[in-house]
Amino acid sequence: MEEIINKAVKTKRLFNELYIEVRKDDFKEACVYLYGKKRAILRLMFATDEREIDTAFKIYTVFSVPGTDKFHIIVLPLKDDLIFPSITPDIPAAHWYEREIRDMFGLTPKGHPDLRRLVLHDSFPCNSFPLRKDWNITEPELKEWGKGLVQKEPYSFMKVEGEGIYEIPVGPVHAGIIEPGHFRFSAVGETIFFLEPRLFYTHKGTEKHFESMSFFDGVKLAERVSGTSSFSHSTAYCMAVERMAGIEITEKAKAVRTLLLELERLYNHIGDIGNMCAGTGLAVGYAGGAVIKEKLMQLNERLAGSRYLRGMNEIGGVSKDIFIQADDILNIINEVTKEYKDFMKLLTGTVSHIERLENTGRLSKDIAVKLGVTGVAARASGINDDIRKAHPHLLYDKLDFEAHTMARGDVFARMMVRAEEAECSISMINALLENRYKGELAASIKEIPPCSSALGYTETPRGSVFYWVMSDKNGRPLRVKFRSPSYCNWPAVPFAVHGNIVPDFPLCNKSFNLSYSGCDM
Amino acid sequence: MIKQIFKNLTTRKNTIDVPELLALSPESVAHFVNLQKGIDGIFNRSLRIRQIDAGSCNACEWECTALTNPIYDIQRFGIDFVASPRHADMLLITGPVSRQMELALKKTCLATPEPRIVVACGDCAVDGGIYKGSYAVTNGVSNIIPVDFYIQGCPPNPMQIIIGIKELIEYLKVKV
Ligand code: SF4
Chain Z
1 MEEIINKAVK
11 TKRLFNELYI
21 EVRKDDFKEA
31 CVYLYGKKRA
41 ILRLMFATDE
51 REIDTAFKIY
61 TVFSVPGTDK
71 FHIIVLPLKD
81 DLIFPSITPD
91 IPAAHWYERE
101 IRDMFGLTPK
111 GHPDLRRLVL
121 HDSFPCNSFP
131 LRKDWNITEP
141 ELKEWGKGLV
151 QKEPYSFMKV
161 EGEGIYEIPV
171 GPVHAGIIEP
181 GHFRFSAVGE
191 TIFFLEPRLF
201 YTHKGTEKHF
211 ESMSFFDGVK
221 LAERVSGTSS
231 FSHSTAYCMA
241 VERMAGIEIT
251 EKAKAVRTLL
261 LELERLYNHI
271 GDIGNMCAGT
281 GLAVGYAGGA
291 VIKEKLMQLN
301 ERLAGSRYLR
311 GMNEIGGVSK
321 DIFIQADDIL
331 NIINEVTKEY
341 KDFMKLLTGT
351 VSHIERLENT
361 GRLSKDIAVK
371 LGVTGVAARA
381 SGINDDIRKA
391 HPHLLYDKLD
401 FEAHTMARGD
411 VFARMMVRAE
421 EAECSISMIN
431 ALLENRYKGE
441 LAASIKEIPP
451 CSSALGYTET
461 PRGSVFYWVM
471 SDKNGRPLRV
481 KFRSPSYCNW
491 PAVPFAVHGN
501 IVPDFPLCNK
511 SFNLSYSGCD
521 M
Chain D
1 MIKQIFKNLT
11 TRKNTIDVPE
21 LLALSPESVA
31 HFVNLQKGID
41 GIFNRSLRIR
51 QIDAGSCNAC
61 EWECTALTNP
71 IYDIQRFGID
81 FVASPRHADM
91 LLITGPVSRQ
101 MELALKKTCL
111 ATPEPRIVVA
121 CGDCAVDGGI
131 YKGSYAVTNG
141 VSNIIPVDFY
151 IQGCPPNPMQ
161 IIIGIKELIE
171 YLKVKV
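Protein sequence lines, in the order shown, are assigned to chains Z and D.
Quick note on numbering: the first sequence equals residues 1 to 521 in this note's numbering.
Quick note on numbering: the second sequence equals residues 1 to 176 in this note's numbering.
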């Protein structure tokens, strides 16, 4: 560690975040050192436009070293020359982040193997970078972007050539009730040889939109980044803002948040396991999962007034004490536990179902590590990584739980990891309800300190989510960067489906259950 | 599996308590009766919906999916979600219409045979909702294609969507 710190221009420490500002020549070396020598995981990489404060664009790469609750953040300021050395050749997990930085800020990663646009589609004007502070665009240009007819920077799909290879384009509008995305299969007979997803159809300019509202209103937007992870997203966002403002939330608020996070995980995991049955045509399993999920959703509605637990989080704490309704929660959880056990028995006892899951959509550990896969998908491929364990927050250090892993990396493993985690969530909920917690529901925060920043994170049902917030001179948002788990996991899907047959694609896709909206920002 | 089938045959109980709204209020029962009548009358017992996500956060979609679960089970009224716009009577559109989805939405709409009904579902689809004003959205479906009916809520829960469809049918009765 010393080597990097000695070369640093500036270092800054804030809670468990260590910011190390380096020169351009040392940037790559520092990142590669952390990744190669320390086996650090790349959590997040982003740029900011700090020309107002510091006369520079800055690039932040956030690493966490396994075994320590610390984030090493390598910062690279870019003043006149808007080119930075790409770390993708050494750290493949950075490949999307760097392309995104190029799209949104116009900073070019030199040496990146694939400089096609990622976020913005073909008809978006060239040399126009939405996240720059001085960006503006004319109404006709915006209209033209929407019409999508003129290609400003044409996107070329990867071409696979050879005897018997043909292409199947699918989407963006799909057959089911799901989100939009385009998939291009290159198949040989029924077997998928190569898949290229083209996403970001639901790009809503969320990060820029955060900058137009106050930090306090931002909670509502964070809840609406990804529907089924509403509560985790808002928790991570609130945590970031609270850390920035330097306040510690009360034990009670922590308990409520932990409980709701686990409730969210539970309904998602059970719903996902049920959904996988839709992929294998097991209607009774699909219906069974949906019924248990609905029960939990209705519980959510009684607790929070929203089936997606919206409106519970606020900066400084929570808006309601759900421990008053502990009996209701306990009743439902007891019922659900029983039904869930029967449900899992039914699934694991149905050979036709299990056979479809086994050896389908295999993601090797090697690739998962290289691409920085997170959450259920990572644990099912044998990576023992769970933010609740790696960076304990809320009440997770007081709770007794295990991060479940499985080595086989197929659809079956992803189902079983979910199943075990769901049971784990049930026991955590029971444990949380046994105790009493002290403190107010929410601490009051009036003002956000100017020119400060902080990181917030938690584990969503899909994997880790990160928020990084920074305030400007007036205490308003200068930058809100979020990284949903789906953003890390999407690039892994093509590897998982390689060699499978096209009809198994929906099943593989459901086993990852990735959010498009969360990924597309 | 056999146990499950046996249980289904021998017990007459619902798997889950019907949502309060459904079970208690006589109005909601009336909603359902009206819904059934309307669909029988206007749509000849079958209403086919094509759902399109035009940039939603996915919560609205999950509520639409929930409509087909054993609790709400809208298939019993002859309503179903179909895979192709060519089979649809009605387009149910969610999300604020992101600019990158605009073209796809228009094309899907054109692929739906006339007469078609276009419903904007969720606050986002109505006027952009929380995303109103962002550079990458067009602030609601009506800015892109003509909308016949709106269902509000963020997300509208399954019951609200059912009530929305019922109201739509009543509105159609007056119109037709
Ligand atoms: S209306 Fe609400 S739930 Fe529906 S897409 Fe918009 S933000 Fe999501």
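Everything labelled a hint here was simulated from the structure, so no lab data went into it.
The C-beta atom is built at its ideal place from N, Cα and C for all residues, glycine as well.
Keep in mind that a hint or two might mislead.
[Said to hold, decoys possible] Pairwise CB distance ranges, derived in the manner of DEER restraints:
#: 1; chain 1: Z; residue 1: E335; chain 2: D; residue 2: V174; range: 40 to 46 Å
#: 2; chain 1: Z; residue 1: L82; chain 2: D; residue 2: P113; range: 49 to 55 Å
#: 3; chain 1: Z; residue 1: E355; chain 2: D; residue 2: T10; range: 58 to 64 Å
#: 4; chain 1: Z; residue 1: E190; chain 2: D; residue 2: T10; range: 41 to 47 Å
#: 5; chain 1: D; residue 1: V174; chain 2: Z; residue 2: G499; range: 54 to 60 Å
#: 6; chain 1: D; residue 1: P113; chain 2: Z; residue 2: D397; range: 27 to 33 Å
#: 7; chain 1: D; residue 1: T10; chain 2: Z; residue 2: V160; range: 53 to 59 Å
#: 8; chain 1: Z; residue 1: P125; chain 2: D; residue 2: S84; range: 32 to 38 Å
Item to check | Outcome of range test on Cβ distance (D:V174, Z:G499; 54 to 60 Å) | outcome: The hint (54 to 60 Å, Cβ to Cβ) holds, given that D:V174 and Z:G499 are roughly 57 Å apart.
Checklist entry - Taking the beta carbons of Z:E335 and D:V174, is their distance inside 40 to 46 Å? => result holds (44 Å)
Checklist entry - So the hint says 32 to 38 Å: do the beta-carbon atoms of Z:P125 and D:S84 match that? => result Because 34 Å falls inside the window, the suggested range holds.
Checklist entry - Lying within 53 to 59 Å: is that true of the beta-carbon distance D:T10 to Z:V160? => result Because 55 Å falls inside the window, the suggested range holds.
Next on the checklist: Taking the Cβ atom of D:P113 and the Cβ atom of Z:D397, is their distance within the range 27 to 33 Å?
Outcome noted: violated (59 Å)
Next on the checklist: Quick check: does the Cβ-Cβ distance between Z:L82 and D:P113 fall within 49 to 55 Å?
Outcome noted: This hint holds: roughly 51 Å between Cβ atoms.
Checklist entry - Quick one: are Z:E355 and D:T10 within 58 to 64 Å, going by C-beta? => result Taking Cβ atoms as reference, Z:E355 and D:T10 lie about 30 Å apart, which means the hint is violated.
Checklist entry - Falls inside 41 to 47 Å, the C-beta gap from Z:E190 to D:T10? => result Holds, at about 43 Å.
Going down the numbered hints, you'll see the structure goes against 3, 6, while the others check out.
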